[in-house]
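Make the full structure from the sequences, and use the hints.
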Amino acid sequence: MAELLLVLGWIGLYAPMALSSVGSVVGCSIAGQAAIGALLDTESGHGRYIGVSAMPSSQAIFGIVVMFTLNRPVTAENAAGLFSVGTLAGLALMLCAMYQGQCCAAAIHASKAKPEIFGLSIVPAAIVEGFAVFAFIFALVISGGIPHG
Amino acid sequence: MLPDCRYAMLIGSLPPQPMDLFGCRLPVISRIQLDRRLALLAQKDAADLQRIEGLLHWSKMQGGDDADIFEHGRRELDSIRSDFLRDIVAWRLELRTLLSALRRRQAGLQPAPGQPFCGFGARLPLIRHNWHKPDFGLGHALPWISQAQQLMAQHQPLALDKLLLQLNWHYYARLNLGHYFDFPAVVLYVLRWDLIHRWATYDGELAVARFDELVEAGLAAVQAELEGTA
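Protein sequence lines correspond, in order, to chains B and Z.
Under the working numbering, think of the first position of the first sequence as 6, with each following residue one higher.
Under the working numbering, think of the first position of the second sequence as 20, with each following residue one higher.
It should be emphasised that the hints constitute simulated quantities derived from the structure, not laboratory data.
Just to be clear, a hint being listed does not mean it is correct.
Example chain Z residues on the side facing chain B (calculated, C-beta under 10 Å, incomplete) [unchecked claim]:
(1) R25
(2) A27
(3) M28
(4) I30
(5) I48
(6) F200
Negatives, chain B to chain Z, calculated, CB over 12 Å [said to hold, decoys possible]:
(7) E8
(8) G52
(9) N76
(10) R77
(11) E82
(12) L93
(13) E121
(14) V128
(15) F136
Because the structure is a prediction, the values reported are computed rather than measured.
Note that beta-carbon positions come from the ideal geometry of N, C-alpha and C, so glycine has one too.
This is the structure we're talking about:
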């Protein structure tokens, strides 16, 4: 039982980084594809399409920070906490990145037709980012209560 | 868990279509350019799109008698992999069946005795049973049918065509709301492109020339027969 707890603890330590990176890969890929498609159909504004398509990469950065914050010697006392906080924060960041990618793709597609709505069209993506920030901040706060081994 | 956004690049590369069908003078993208973009489709999806266009595009439909067309249509319809896409095609084929029934009745024809009315959709027995009613008893479920029947009776083919184009346009627009970067979105784009293309290429002079051609072709056989008997 103690060994299993330790394994879970190590998984929880690395989970925020791994899961958020997976989400960022998917999100950036979706938004990036939409941006490349938009490049084929437009004569200008290419830079901002590529810029928006990179938005979901922020979740991977949050994941790295959470991982370093959780980083401590894994013991039977702190393993459950590390697993819970790390895995759940990682899942939240992963989903945020995936769906932010879809928001970014939609924003690129919409602003291609109406360049004047570019600023407004990225607001939904920013709102999704807000939820990622919540998960990130609270993971940092709550990690302070996990014993340091 | 992964969202289905395989065609984000393809959809992203297509220019947006206008809100109003009848405001378009030309399709926003040429068929050559559209086909180039559609080359990004996976092989199976491209085959499905070809089947769908083959069933709905008049110029791509295969000839033959009614029974052959229905048999071929049903086979092709069944081979479309997605239920959603199959429903889209079935809806349009049913609409054409209803229109064909209206036209037949307008021409004074009756359904063949002892046989169901030939066509697509689940309403074939109803059409036969309610042949004498102006809207085949379907007016509540399909409000457009009464309007179509009136336009047909008033000999207004252009208004009737506009009604049907509009009906299709709104139907596709409504379905598109749930699909943004997936294969159904691509199919709906192509189907809407077909509608715009059809509307934009309407030409009165060409239509008269084509009509004359058809009449001449039809009369040629009669002429040859008369000359043979003379």
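For which of the previously enumerated hints does the structure constitute a violation, in increasing order of number? Result: no hint breaks.
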